[in-house]
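Participant: Guided by the hints, dock chain B onto chain A, whose structure is given.
There are 2 protein chains.
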Amino acid sequence: MRTIFTAELSQLADDLVEMAEYVQAAIHRANTALEKKDLKLAQQVIADDVKLDDLENRVDERTILLIAQQQPVGLDLRTLVTSLRISAGLERMGDLAQHVAEAARRAYPESPIPASHRDVFKKMSEASNHTSDLVVDLIRGRDLNVAAQIVSDDDTLDELHEKAYSLLLAKGYKGDTQETLDVALLARFFERFGDHAVNVSRRIVYLVTGDLDGGRSSI
Amino acid sequence: MRTIFTAELSQLADDLVEMAEYVQAAIHRANTALEKKDLKLAQQVIADDVKLDDLENRVDERTILLIAQQQPVGLDLRTLVTSLRISAGLERMGDLAQHVAEAARRAYPESPIPASHRDVFKKMSEASNHTSDLVVDLIRGRDLNVAAQIVSDDDTLDELHEKAYSLLLAKGYKGDTQETLDVALLARFFERFGDHAVNVSRRIVYLVTGDLDGGRSSI
Numbered sequence: 001m002r003t004i005f006t007a008e009l010s011q012l013a014d015d016l017v018e019m020a021e022y023v024q025a026a027i028h029r030a031n032t033a034l035e036k037k038d039l040k041l042a043q044q045v046i047a048d049d050v051k052l053d054d055l056e057n058r059v060d061e062r063t064i065l066l067i068a069q070q071q072p073v074g075l076d077l078r079t080l081v082t083s084l085r086i087s088a089g090l091e092r093m094g095d096l097a098q099h100v101a102e103a104a105r106r107a108y109p110e111s112p113i114p115a116s117h118r119d120v121f122k123k124m125s126e127a128s129n130h131t132s133d134l135v136v137d138l139i140r141g142r143d144l145n146v147a148a149q150i151v152s153d154d155d156t157l158d159e160l161h162e163k164a165y166s167l168l169l170a171k172g173y174k175g176d177t178q179e180t181l182d183v184a185l186l187a188r189f190f191e192r193f194g195d196h197a198v199n200v201s202r203r204i205v206y207l208v209t210g211d212l213d214g215g216r217s218s219i
Numbered sequence: 001m002r003t004i005f006t007a008e009l010s011q012l013a014d015d016l017v018e019m020a021e022y023v024q025a026a027i028h029r030a031n032t033a034l035e036k037k038d039l040k041l042a043q044q045v046i047a048d049d050v051k052l053d054d055l056e057n058r059v060d061e062r063t064i065l066l067i068a069q070q071q072p073v074g075l076d077l078r079t080l081v082t083s084l085r086i087s088a089g090l091e092r093m094g095d096l097a098q099h100v101a102e103a104a105r106r107a108y109p110e111s112p113i114p115a116s117h118r119d120v121f122k123k124m125s126e127a128s129n130h131t132s133d134l135v136v137d138l139i140r141g142r143d144l145n146v147a148a149q150i151v152s153d154d155d156t157l158d159e160l161h162e163k164a165y166s167l168l169l170a171k172g173y174k175g176d177t178q179e180t181l182d183v184a185l186l187a188r189f190f191e192r193f194g195d196h197a198v199n200v201s202r203r204i205v206y207l208v209t210g211d212l213d214g215g216r217s218s219i
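So the sequences go chain by chain: A and B. Letter 183 of the first sequence, counting from 1, is numbered 183 in the working numbering, and no numbers are missing. Letter 178 of the second sequence, counting from 1, is numbered 178 in the working numbering, and no numbers are missing.
If we strip away everything but chain A, and leave its shape as in the complex, we get (with noise of 0.2 Å):
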């Protein structure tokens, strides 16, 4: 029993990785989308959030039958349980890139972020791309050093976050009504974007380690 136990974890775990490669297929397609202004990949973005939405639903299901056929307890249904919050947490990462692709989408043929911004949003889009792509690492090799690198990237999303609003608000600034309001959502739509992958991080700490950082993350 032990050994298909064994075998359903390790399949769940690929569920997870399966996750994260989605959410960082898709927050790198909509970067794309927003800094070439492809209405092509924006909408390609928006339509497969549904099937993310497919694969957190297979990790709730695949996660109750575990438990019911096989009962686990310590660390084994501790595993189980974390899974469920770090599905939601990836599947939450996944709707965020697809409000930057309907930014994208809404704005086509011009591009959503006036002048004034592209510098911090394309740094923004660097930033969370790169998230995108430890979230995939540290979930495949749960290397503690990965999860520092991932709030170290939130940490310079948010001061991307507050850069974008100064900028806004700052004398001189010129932008129409529509403009400040994309900025204002997609600067947002990053900083959370990063936020949710330190939750996500957390978690996968806590499973290696039993540490929840005093109990002040959640997803």
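Treat the hints as calculated values from the structure; they're not laboratory data. Quick reminder that beta carbons are idealized off the backbone N, C-alpha and C, glycines included. There's no promise every hint is true.
With a Cα cut of at most 20 Å, we get these calculated DMTMM-like pairs of lysine to aspartate or glutamate [to be verified]:
hint, chain 1, residue 1, chain 2, residue 2
1, B, Lys163, A, Asp176
2, B, Lys171, A, Asp176
3, A, Lys171, B, Asp176
4, A, Lys163, B, Asp158
5, A, Lys174, B, Asp176
The following residues of chain B were derived to be distant from chain A, with all beta-carbon distances above 12 Å [what the hints assert, rightly or not]:
hint, residue
6, Glu8
7, Asp15
8, Ile46
9, Tyr108
10, Ser111
11, Asp119
12, Asp133
13, Asp143
14, Leu144
15, Ala148
16, Val151
17, Arg188
Residues from chain A that face chain B, not an exhaustive set, calculated with beta carbons under 10 Å [stated by the list, open to error]:
hint, residue
18, Lys36
19, Asp60
20, Thr63
21, Val73
22, Pro109
Facilitator: Then chain B, alone, in the frame of chain A:
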């Protein structure tokens, strides 16, 4: 054993009611702080959010313990796993109430709501208060008619969110950038509050009927 398990499940249901009541208090207070420009009340909402996070962790721990000790199957197991999703949704609703309070605090001693948007936000406050009341009722009573009312409130919040944005984009809108930002973000917080209430209510309906509405809801 079964009697003890029933008592434990009942305790878990009480925890979820307590979380829903926290959310209810938080959004009612945040809305009052917003309307009355009440800094002290805003700060209380912000400080209290930690308690909701603690409650969520308590639900997690209780669920893990219950599964380990009782090794439930079937509906009992489904109830436990769904409880985790419900607690995550309630925690997110609490975060959004906190964000509303933060907007009130930031603008103090002014209001973050410009005169152009008073009416829309008055209705958003009413709808979100009402939604939070309904979520408490639904978790307490499991009456499916209440779930339908939550969906209806969410539709109202979506319409008001659209209205807030269209007022910003209307010709003749004279607000400055800070006002535009405040309106955009606040409207989004209320809109998301309604979305999470619907997700929570779908999970409750799932517990009662076994139907997850095609699997498209996720927290």
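Participant: Each hint should be assessed against the structure and marked as holding or not.
Facilitator: Hints, one by one, checked against the model:
1. Lys163/B with Asp176/A: holds, 18 Å
2. Lys171/B with Asp176/A: Holds. Lys171/B to Asp176/A sits at ~11 Å (cutoff 20 Å).
3. Lys171/A with Asp176/B: Distance of about 11 Å is within 20 Å: holds.
4. Lys163/A with Asp158/B: At roughly 29 Å apart (the allowed maximum being 20 Å), Asp158/B and Lys163/A break the hint.
5. Lys174/A with Asp176/B: Judged against 20 Å, a Cα distance of about 11 Å means the pair holds.
6. Glu8: holds, 16 Å
7. Asp15: holds, 15 Å
8. Ile46: Given a closest Cβ separation of 14 Å, the condition holds.
9. Tyr108: With a cut-off of 12 Å, Tyr108/B remains clear of chain A, as the shortest Cβ separation is near 17 Å.
10. Ser111: holds, 18 Å
11. Asp119: Consistent with the label, Asp119/B stays out of reach of chain A, its closest Cβ about 19 Å off (over 12 Å).
12. Asp133: Check passes; 24 Å lies beyond 12 Å.
13. Asp143: Answer for Asp143/B: holds, closest chain A Cβ roughly 25 Å.
14. Leu144: Non-interface label stands for Leu144/B: nearest chain A Cβ at 21 Å, farther than 12 Å.
15. Ala148: Ala148/B clear of chain A: closest Cβ-Cβ about 23 Å, beyond 12 Å.
16. Val151: holds, 18 Å
17. Arg188: violated, 7 Å
18. Lys36: Violated, because the Cβ-Cβ distance from Lys36/A to chain B comes to roughly 26 Å (cut-off 10 Å).
19. Asp60: Constraint on Asp60/A satisfied, holds at 7 Å.
20. Thr63: holds, 7 Å
21. Val73: holds, 5 Å
22. Pro109: With a closest approach of 19 Å, the Pro109/A hint is violated.
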